[in-house]
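Novice: Sequence:
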Amino acid sequence: MAVGVRLIAVSSPILSRALTANPRFFHPIPMPASTSFPSCFIHLRSELIPSFRQSCKRFVLAPHASLSSPNVPSRISESLNLEIFPSLDLTGLTPLHLQVLAILALALAVSKKVVHALLNPFFWLYFSWTWLFWPWILASSLAIYGLYSAYRHSIGLATVIEQLAVVTSVIAWLTIVPTAHFNGFLEGWPFVLFFFYHYFFFLESSVRKRFYGDLLPRDHDAKWDVDLPRPFRAAFFLLVLIGHWLAAFEGPELHMISGGWANIGT
Numbered sequence: 001m002a003v004g005v006r007l008i009a010v011s012s013p014i015l016s017r018a019l020t021a022n023p024r025f026f027h028p029i030p031m032p033a034s035t036s037f038p039s040c041f042i043h044l045r046s047e048l049i050p051s052f053r054q055s056c057k058r059f060v061l062a063p064h065a066s067l068s069s070p071n072v073p074s075r076i077s078e079s080l081n082l083e084i085f086p087s088l089d090l091t092g093l094t095p096l097h098l099q100v101l102a103i104l105a106l107a108l109a110v111s112k113k114v115v116h117a118l119l120n121p122f123f124w125l126y127f128s129w130t131w132l133f134w135p136w137i138l139a140s141s142l143a144i145y146g147l148y149s150a151y152r153h154s155i156g157l158a159t160v161i162e163q164l165a166v167v168t169s170v171i172a173w174l175t176i177v178p179t180a181h182f183n184g185f186l187e188g189w190p191f192v193l194f195f196f197y198h199y200f201f202f203l204e205s206s207v208r209k210r211f212y213g214d215l216l217p218r219d220h221d222a223k224w225d226v227d228l229p230r231p232f233r234a235a236f237f238l239l240v241l242i243g244h245w246l247a248a249f250e251g252p253e254l255h256m257i258s259g260g261w262a263n264i265g266t
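Just so we're aligned, residue 1 is where the sequence shown starts under UniProt numbering, counting upward by one.
Check the hints yourself; a few may be wrong.
Stated by the list, open to error - List of simulated lysine to any residue pairs, SDA-like, C-alpha gap at most 20 Å:
(1) K112 / A102
(2) K209 / S140
(3) K209 / E162
To be clear, the hints were calculated from the coordinates, so they are not data collected in a lab.
Given only the sequences and the hints, what does the whole structure look like? Please build it.
Specialist: Here it is as C-alpha cells:
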C-alpha cells in the first residue's frame with residue numbers, strides 16, 4: 001500500500017492528499033508469484049473519479065500577462081530583428097572593379113580546374129600516351145599552324161615568322177614525316193634534305209638581302225611573273241607530296257639492296 005501511495009503522490013499532489021485522507025478508495029492487487037521483480041498494480045474505484053474531476057476544475061489556463069497586449073507581434077519582430085545580410089554600398093562600384101572581379105573569378109575557376117586535372121589519375125594516364133605519339137602530335141601541330149600561316153599569307157597579313165612556318169611545315173611533311181613513319185626512326189639523309197630544302201627556298205631572300213640590304217620586294221615587270229591557274233598549282237603540290245611519300249615508302253627496301261654506300265670500302 002505504501003508503494004501505491006508513493007506512485008500516486010508523484011503523479012498528482014492533490015490526488016495523493018485525497019488518497020492519504022481516505023485509504024478506503026483503493027486496494028492493492030497482488031502480483032503473480034511467477035514474477036521476479038517487485039511491482040504493484042493499483043485499482044481505482046469508481047468513487048475516486050468524480051472527486052478527481054472536481055479537483056481538476058481549479059486549474060484554468062489563462063494567457064500570459066506579457067502576451068495579452070496588442071503589440072505582441074511588434075515585440076517579437078523587434079526581438080528577432082537580426083541583421084543577417086548587411087546593406088551593401090554599391091555607389092562606389094566602377095566598371096574597373098567589375099573587370100577585376102571577373103578576372104579574379106576566372107583565374108580562380110581555371111586554377112580549380114587545373115588542380116583537379118593534376119590530381120586526376122586519368123589525366124596522367126592519357127598524358128602518358130603523348131610519350132608514344134609525340135612525333136605525330138608535333139607534326140600535326142606544325143601542319144595546323146602552317147595552314148593557318150598560309151591563309152594569313154594568302155590575304156597578305158603573314159609576318160616573317162608565319163612565312164617561315166609555312167616553309168618549315170611543308171618541308172617537314174615532305175622529308176621528315178614520311179621517312180619517320182615508314183622507317184620508325186630518323187637519321188642521315190632526311191635531316192640533310194630538310195636543311196637543304198630550307199636553303200633552296202630561302203636562296204632568293206638571301207640574295208635579295210645581300211644585294212639590296214633588306215627583304216622588301218622591288219618593282220618588276222609583270223611579264224616575267226609565272227601565274228599558273230589554281231587547279232594546276234594544287235595538282236603540282238599533290239604530286240610532289242605523293243612522290244616524297246612513295247620515296248619514303250621504298251626507302252627501307254632500297255636501303256637493304258647491296259651496293260651504294262656499302263661499295264665505298266670495296
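Novice: Does each hint hold? Answer for all of them.
Specialist: Now the hints, each set against the structure:
1. K112 / A102: Judged against 20 Å, a Cα distance of about 15 Å means the pair holds.
2. K209 / S140: violated (32 Å)
3. K209 / E162: holds (19 Å)
In summary, the one numbered hint that this structure violates is 2.
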